[in-house]
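Chemist: Spelled out from the first residue to the last, the chains are:
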Amino acid sequence: MLKVINGGIETLVEDWPGRLGFLGKGMAPSGAFDNVALGFANLLVGNPPGEAAFEVTGGFFEAEFGLNTAIAVTGTPKAPLLNGKEIPMWESLEVKPGDVIKFSHIGQFGFRWYLAVAGGVDVTPYLGSKSTCIFGSYGGYEGRKLADGDVVRLLKPSRSLREVIGRRVRKELIPPYPREWTLRAIPGPNTSPDYVTAAGMDYLFSHSFKIQHTSNRSAYRLEALPDSFFARPDGGVGGSHPSNIIDHAYAMRGALNICGNTPVLLIADGPTLGGYMCALSVINADLWKVGQGTPNRDFIKFQVATQAEATRARVDQKKLLTENSLT
Amino acid sequence: MTQGNFNVILDSMPATETRLEVLFRQAGDGFLQMEYGRAQRAALQDSFRMLAVNDIIHAKKIKGLIETVPGLRTNLFHFDPEALDVASLIAKIKEAEDSMPTIDDVVLESRIIHLPIAFEDSETRKAVEKYLKEVRPGAPNIIDGYNLQYMALCNGVSVQEAKNMILGTEWFNSGGGFWPGGAFLWPTDPRCALVVPKYNPPRTWTPEAAVGIGGPCVFTYTTPTGGGYQLFGRTIPVFQFSQKHPMFKDGPFLYRPADRVRFHETTEADILRIHEHVHDKTDYTYRTESGKIVVKDYLAWYHSAEVQNGINELKAKQAEGVKKAPRL
Chain L
1 MLKVINGGIE
11 TLVEDWPGRL
21 GFLGKGMAPS
31 GAFDNVALGF
41 ANLLVGNPPG
51 EAAFEVTGGF
61 FEAEFGLNTA
71 IAVTGTPKAP
81 LLNGKEIPMW
91 ESLEVKPGDV
101 IKFSHIGQFG
111 FRWYLAVAGG
121 VDVTPYLGSK
131 STCIFGSYGG
141 YEGRKLADGD
151 VVRLLKPSRS
161 LREVIGRRVR
171 KELIPPYPRE
181 WTLRAIPGPN
191 TSPDYVTAAG
201 MDYLFSHSFK
211 IQHTSNRSAY
221 RLEALPDSFF
231 ARPDGGVGGS
241 HPSNIIDHAY
251 AMRGALNICG
261 NTPVLLIADG
271 PTLGGYMCAL
281 SVINADLWKV
291 GQGTPNRDFI
301 KFQVATQAEA
311 TRARVDQKKL
321 LTENSLT
Chain X
1 MTQGNFNVIL
11 DSMPATETRL
21 EVLFRQAGDG
31 FLQMEYGRAQ
41 RAALQDSFRM
51 LAVNDIIHAK
61 KIKGLIETVP
71 GLRTNLFHFD
81 PEALDVASLI
91 AKIKEAEDSM
101 PTIDDVVLES
111 RIIHLPIAFE
121 DSETRKAVEK
131 YLKEVRPGAP
141 NIIDGYNLQY
151 MALCNGVSVQ
161 EAKNMILGTE
171 WFNSGGGFWP
181 GGAFLWPTDP
191 RCALVVPKYN
201 PPRTWTPEAA
211 VGIGGPCVFT
221 YTTPTGGGYQ
231 LFGRTIPVFQ
241 FSQKHPMFKD
251 GPFLYRPADR
261 VRFHETTEAD
271 ILRIHEHVHD
281 KTDYTYRTES
291 GKIVVKDYLA
301 WYHSAEVQNG
311 INELKAKQAE
321 GVKKAPRL
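From first to last, the protein sequence lines stand for chains L and X.
My numbering puts the first residue of the first sequence at 1, with every later residue one more than the last.
My numbering puts the first residue of the second sequence at 1, with every later residue one more than the last.
Fair warning: there could be bad hints in the mix.
Stated by the list, open to error - In silico DSSO-like links for lysine-lysine, alpha-carbon gap of 30 Å or less:
{"#": "1", "chain 1": "X", "residue 1": "315", "chain 2": "X", "residue 2": "198"}
{"#": "2", "chain 1": "L", "residue 1": "156", "chain 2": "L", "residue 2": "85"}
{"#": "3", "chain 1": "L", "residue 1": "210", "chain 2": "L", "residue 2": "78"}
{"#": "4", "chain 1": "X", "residue 1": "126", "chain 2": "X", "residue 2": "281"}
{"#": "5", "chain 1": "X", "residue 1": "323", "chain 2": "X", "residue 2": "292"}
{"#": "6", "chain 1": "X", "residue 1": "63", "chain 2": "L", "residue 2": "318"}
{"#": "7", "chain 1": "X", "residue 1": "296", "chain 2": "X", "residue 2": "315"}
{"#": "8", "chain 1": "L", "residue 1": "318", "chain 2": "X", "residue 2": "92"}
{"#": "9", "chain 1": "L", "residue 1": "210", "chain 2": "L", "residue 2": "85"}
{"#": "10", "chain 1": "L", "residue 1": "319", "chain 2": "X", "residue 2": "61"}
{"#": "11", "chain 1": "X", "residue 1": "281", "chain 2": "X", "residue 2": "63"}
{"#": "12", "chain 1": "X", "residue 1": "60", "chain 2": "L", "residue 2": "318"}
{"#": "13", "chain 1": "X", "residue 1": "126", "chain 2": "L", "residue 2": "319"}
{"#": "14", "chain 1": "L", "residue 1": "318", "chain 2": "X", "residue 2": "61"}
{"#": "15", "chain 1": "L", "residue 1": "156", "chain 2": "L", "residue 2": "319"}
{"#": "16", "chain 1": "L", "residue 1": "319", "chain 2": "L", "residue 2": "78"}
{"#": "17", "chain 1": "X", "residue 1": "281", "chain 2": "X", "residue 2": "92"}
{"#": "18", "chain 1": "X", "residue 1": "60", "chain 2": "X", "residue 2": "249"}
Hints were generated in silico from the structure; no laboratory data involved.
Just chain X, with the same shape it has in the complex:
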């Protein structure tokens, strides 16, 4: 390449009636980015397809491929260029894409992880108090010492309705990244799609296992850290550096891409008891089930009148909520 030619799209696959255009972008020394379509869009079906194709690619055990890092509509391929050339890698990815010509064929392996949650627990409340005291006194997203009322306000719903939305959907992991063990969780039921702004400026501390939401994504904090998501409760450990508990024997991480999380309301005492049984006694039994997402069925349900009406009702409430909620 000469200076002045910055076309980085090395190859592409044309759009079909059932699939977006696939782009292969140069992304660094030993990095290739695969992307669905040219427009920025946040649609779960792109992630379903990306992760299903990702599984096919991993099954090929390509020599020299170090790892893949899926995002919602992209996948980053990290490879050793001395062992694998980029043209061969693209050819393998194209094979995987071609083996799944329409999204209707996509069936995604997807575990369901059941996580207990205590809303507005006292440990998470400490993080909110610390922020109010040390970072932003009078922060408008803190009402009665917590963020849950603000979250409800932004979406034009009551606090109980906001809780029901969190409990009423499965939360799909489009992939991890950013923070050790983290996962970006999206609601599979669009009628439960709360949307909130992030803290401005961010927090300096959040307890382990706090649960928050920023934009449309839920995040369960893996370790104590700063953060910018609106906090609404606390769950059980989803990460363990020491790997003492059998759930973490193969790695400190709980989540895999394509996992779905379902939250179940419980008491703060129960959450504290489970923390002890994960970290100290290491005898807590995590509740997970194997499962599948059949994309054809999901899309039929998504486009049904019932769901579409629900989306429209929520959008109308949110439009009112945005007008009333103070900006951050």
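Chain L with its partners taken away, still in its complex shape:
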């Protein structure tokens, strides 16, 4: 088990691909915000890449291990301490009962760490996933972020610890964490000429948008769009603002929702249906970058992609998240 000493800013149990198939029931997929860092942390300790692990957002998480096992930490480059000593990241190591891991604040780049444990986290899957939906208070550990005094059960390692301890992610395969994140995105369903002006779409795909401090696991809010973005004077029966339409389902995860003049990336726990237009959707293989985008510091830029490119990127990411990427 893992005994939580300090829950930190927001530490959650998340897996991948999350809870798929319930959009029409109003349930977001949730899932790890950065599935690449989650995948590597899991592979290092001998788990399948989508197993549930701890997503540590912002920092200050502190916990004591109650068993002998292997762990790995990936994500924002600021090494946590184990019993007061910095540990290497993107590498698996052994922990013993009584060992204490402690995270400080995030590093210069990125926003989230993933702490994986050999065997995975022992929470009961809800509708096929161990992921927490904090917006709806279900899944994961009691449907909430971890708090001081929580005791989280861990599964037993499925492989001998000796086989996995000391493994590393190949240096050249550790993802770079910049301050400006380029997200490949498929335009649609609401674009030019009927909903957005041609100049508006060009602006969307060329401007560098600062991530607003109001961003969370449901919505990454970006800088406001100019009024000239909209091709319609109003939303007709959908509402008075030109971003309004009759309610439609949102392509969750990845849709860029236009709420009034504010572009909002719908991710993880986001809404699955509503009355605002959507101008583009981030490809599945680039969703992880949103999770490392730091509110009030980092920028997002969109780059046009096709479905064919998106599909190839999915295949490439699957290949990346295998033991071949470890040494």
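With chain L fixed as given, assemble chain X onto it according to the hints.
Modeler: Relative to the frame of chain L, chain X by itself:
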């Protein structure tokens, strides 16, 4: 696609005398949106058709199709692009569309779910009081501690008439979404179509099973949450996370798309008793019946002089009501 070409309509089917144009819009990596017509319109017959075609598509058991999410005039197809390419998916949807050339052919499987309701119950009243105290003191949509008088005022009808309108129609579920287990319920009888503005700003708390209306849609709150609909009463549980009651053994949800809800007035004590028998004793028997909507018959009734006159009478009352009701 190159930067600068943002035409996202991948394919379409032309309008016919009996069907709107069908558009297939690119909607993301593994997402395709199907849409009826280009104009924004809120018409139940679009939803009837969309859901009937949706059933045909599901019966095809398309490999790689993860789910569909119907809205009133759109349907979102969520698929695995490694298992299903978008052109094949569009071809399958077109087949389904072609198998139902006119709306007159549409017969929709539609259950009727009977739900008891207590108007202006004390639990929902707490949510309204909390809002008045903590969010918007003096909110004009709260009269005598509730929203029902404001709803009546907006529509130029009496409180009793507003209640009769809620009880006098079936409420059609065009599909779920937004909140776990939620359903957007539209009146099938347009003479009962109350329309109200939403809370401004929204509430921070609403009890489970509260019933509210926003715009033209009724919503039964599945779990305690914030919300923006005008509240008028409380019904029985329509969602259960724990899935303990047999009604929820296959999933925590009560509603399916195309369900119709009919409300029946009862006492608050009865509602509280049923909550206990759903959540604790798990022996309450939900009253549902199977049924169909024959769209041809529905449209003939909708266009009859009696219904059209009723719509016009209501619209005249609403025009007067809007003038008198304070804006939010």
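Chemist: All hints, please: hold or fail.
Modeler: Hints versus structure:
1. 315(X) <-> 198(X): The given pair, whose Cα atoms are some 19 Å apart, holds under the 30 Å limit.
2. 156(L) <-> 85(L): Given that 30 Å is the threshold and the Cα spacing comes to 25 Å, the pair holds.
3. 210(L) <-> 78(L): Status holds; Cα separation ~23 Å.
4. 126(X) <-> 281(X): Holds, at roughly 26 Å.
5. 323(X) <-> 292(X): Distance of about 39 Å is beyond 30 Å: violated.
6. 63(X) <-> 318(L): holds, 20 Å
7. 296(X) <-> 315(X): Judged against 30 Å, a Cα distance of about 25 Å means the pair holds.
8. 318(L) <-> 92(X): Within the cut-off at roughly 28 Å; holds.
9. 210(L) <-> 85(L): Violated: residue 210(L) and residue 85(L) sit about 35 Å apart, past 30 Å.
10. 319(L) <-> 61(X): holds, 29 Å
11. 281(X) <-> 63(X): violated, 41 Å
12. 60(X) <-> 318(L): Holds, at about 29 Å.
13. 126(X) <-> 319(L): violated, 55 Å
14. 318(L) <-> 61(X): holds, 26 Å
15. 156(L) <-> 319(L): Holds, at roughly 26 Å.
16. 319(L) <-> 78(L): Holds, at about 27 Å.
17. 281(X) <-> 92(X): Given pair residue 281(X), residue 92(X) is violated - Cα atoms ~46 Å apart, limit 30 Å.
18. 60(X) <-> 249(X): holds, 26 Å
Checked against the numbered hints above, the structure breaks hints 5, 9, 11, 13, 17 and satisfies the rest.
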